[in-house]
Amino acid sequence: MRLVVRAAEVTGATELIDVTAAHVDSCLYHGEATLDFVQRLVDGRARVRVPTTLNVGVLDLLHPELYRGDRRIADRGRLLMDRYRALGARPTFTCAPYQLADARPAFGQQVAWGESNAIAFCNSVLGARTNRYGDFIDVAAAITGRVPHAGLHRTEARRATLVLRLADDVPIALRDADLLFPLLGLVLGRRAGSAVAAIDGLAPGQSEDRLKALGAAAASSGSVAMFHVVGSTPEAPTLDAALQQHRPSAVELVRLGDLRTARDELTTAAGDRLTAVSLGTPHASLAELGRYVAMLGGRRVHSGVELLVSTGRDTLAAAARTGITERLRAAGVELLVDTCSYIAPILRPSEGATMTDSAKWAYYAPGNIGARVVFGSTAECIRSAVAGRVVRDDALWGTA
Amino acid sequence: MSEPTALILDEPLSLWGGVDPATGEVIDAHHPQLGAKVRGRVLVMASGRGSSSSASVLAEAVRVGTAPAAIVLGESDLILSIGATVAEELYGVTVPIVVLSPTALAAIVDGQPIDLDAEPFASPR
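Protein chains in written order, with the working numbering: chain A, 1 to 400; chain B, 1 to 125.
Simulated from the structure, these hints should not be mistaken for lab results.
By construction, the Cβ of each residue, glycine as well, lies at the ideal position given by its N, Cα and C atoms.
Some clues are possibly wrong.
Unchecked claim - Sample of chain B residues facing chain A (criterion: CB under 7 Å; computed from the structure):
id, residue
1, T23
2, G24
3, A29
4, S52
5, S53
6, A55
7, T85
8, G92
9, V93
10, T94
Using the sequences plus the hints, can you model the full thing?
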């Protein structure tokens with residue numbers, strides 16, 4: 001409770017409100033401090049008061065043999081995951097709790113979520129309400145069921161103050177490509193910082209998977225906790241609705257050159273041999289796993305390349321029931337749950353490059369695991385994994 | 001002990017994925033201050049950024065002894081404030097987090113000594 005009150009002081013809130021659910025990110029081991037903290041909670045016999053899902057940990061508890069790092073860290077990481085279970089949280093161990101039908105908050109619901117991509121998705125795509133709850137405060141909110149009534153819990157803070165509009169020079173093919181979304185997200189994070197922006201100029205009804213990629217990128221390059229995509233997100237049926245009938249403080253164009261710069265910036269490998277491909281950051285949805293199968297089209301992953309897909313254990317179970325898992329494994333795909341390949345040493349040690357379709361993976365993997373990264377579309381990643389070398393498709397970028 | 005000096009970060013830095021708590025070094029490959037050491041410095045940046053795990057990284061850096069002496073921001077940041085509060089609770093070490101106006105923030109020069117006993121560090125929010 002002291003942490004929740006401290007949070008109220010920092011956010012300037014004068015009252016606390018109830019939350020109906022929590023998503024806790026504190027179960028990822030970042031050193032003994034994370035264990036010291038949860039031990040205090042366990043010693044005090046704390047229990048979560050609201051339904052609580054857990055974010056990724058260090059270890060894939062279903063396939064622990066995939067962990068290639070320090071045994072001691074794996075053990076401490078597993079202990080931390082167990083400790084959070086002991087508080088009564090559900091062992092979902094996914095960064096995409098919004099993919100779990102029974103954990104998805106409804107429109108307008110007040111919740112306390114951690115994990116930057118989940119926070120952005122929760123506010124923007126579900127229309128549920130959370131602030132950016134980081135480690136410690138997320139579990140404090142789960143235990144007390146209370147949060148400060150501040151920030152994005154309040155309607156007025158959800159108003160877009162910045163409008164980003166796709167410029168006319170962005171080719172039609174790119175406007176309708178999955179690839180646009182992580183790149184646009186990277187630009188969004190840079191331009192918006194922590195402000196709420198509305199993106200205008202996209203076809204209505206964009207998929208959850210595309211909005212997931214957009215939000216994850218924006219929450220990596222900036223502190224974006226909420227965005228609107230006009231015609232696609234629930235609080236932005238129109239631009240005017242996203243602006244809550246106010247005037248924006250700025251309207252900016254996103255040009256083809258900005259997207260090209262974003263793509264190039266995410267690629268840190270220079271001509272290295274391709275040795276790995278990583279998909280599923282944030283965790284792949286069932287629909288995405290199905291798309292990978294379709295894109296592989298019965299071909300096998302090249303012997304010199306490790307194709308690793310991260311997903312949630314519940315999604316993996318659903319995929320197993322429909323035969324998707326079997327087909328991915330038959331193609332030589334490695335499946336990872338409960339963790340992610342950029343936060344723990346999972347990929348084979350290699351001097352080569354890793355290709356990814358995730359701006360978030362590309363953003364953090366060089367610092368976290370020393371990866372050399374090639375960023376590309378999902379289709380480029382899969383074609384490259386099969387070919388054993390980086391295959392590019394520049395058609396989307398037009399001739400400009 | 002001599003006064004800590006300011007380390008100006010040209011872009012907001014996510015401590016998680018941005019600082020290795022074992023060494024206190026900036027490891028974000030996309031950040032202009034890549035390679036800088038935060039230990040004992042006063043970090044100055046416009047805002048916090050990125051991952052919600054930064055609170056843990058700050059607490060761990062405090063435990064190991066690689067944490068900055070203080071953090072100066074242009075806007076309040078719940079994630080860093082909670083990290084500092086938990087570190088204080090667990091290890092009894094205070095990392096003051098101070099919010100300054102953009103003008104005051106811009107007036108700080110890289111390498112400038114900062115007196116942590118002076119306002120507003122002595123009674124941070």
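Okay, the hints, checked on the actual structure:
no.: 1; hint: T23; verdict: violated (12 Å)
no.: 2; hint: G24; verdict: violated (12 Å)
no.: 3; hint: A29; verdict: holds (4 Å)
no.: 4; hint: S52; verdict: holds (4 Å)
no.: 5; hint: S53; verdict: holds (6 Å)
no.: 6; hint: A55; verdict: holds (4 Å)
no.: 7; hint: T85; verdict: holds (5 Å)
no.: 8; hint: G92; verdict: violated (12 Å)
no.: 9; hint: V93; verdict: violated (11 Å)
no.: 10; hint: T94; verdict: violated (13 Å)
Checked against the numbered hints given earlier, this structure breaks hints 1, 2, 8, 9 and 10; the rest are met.
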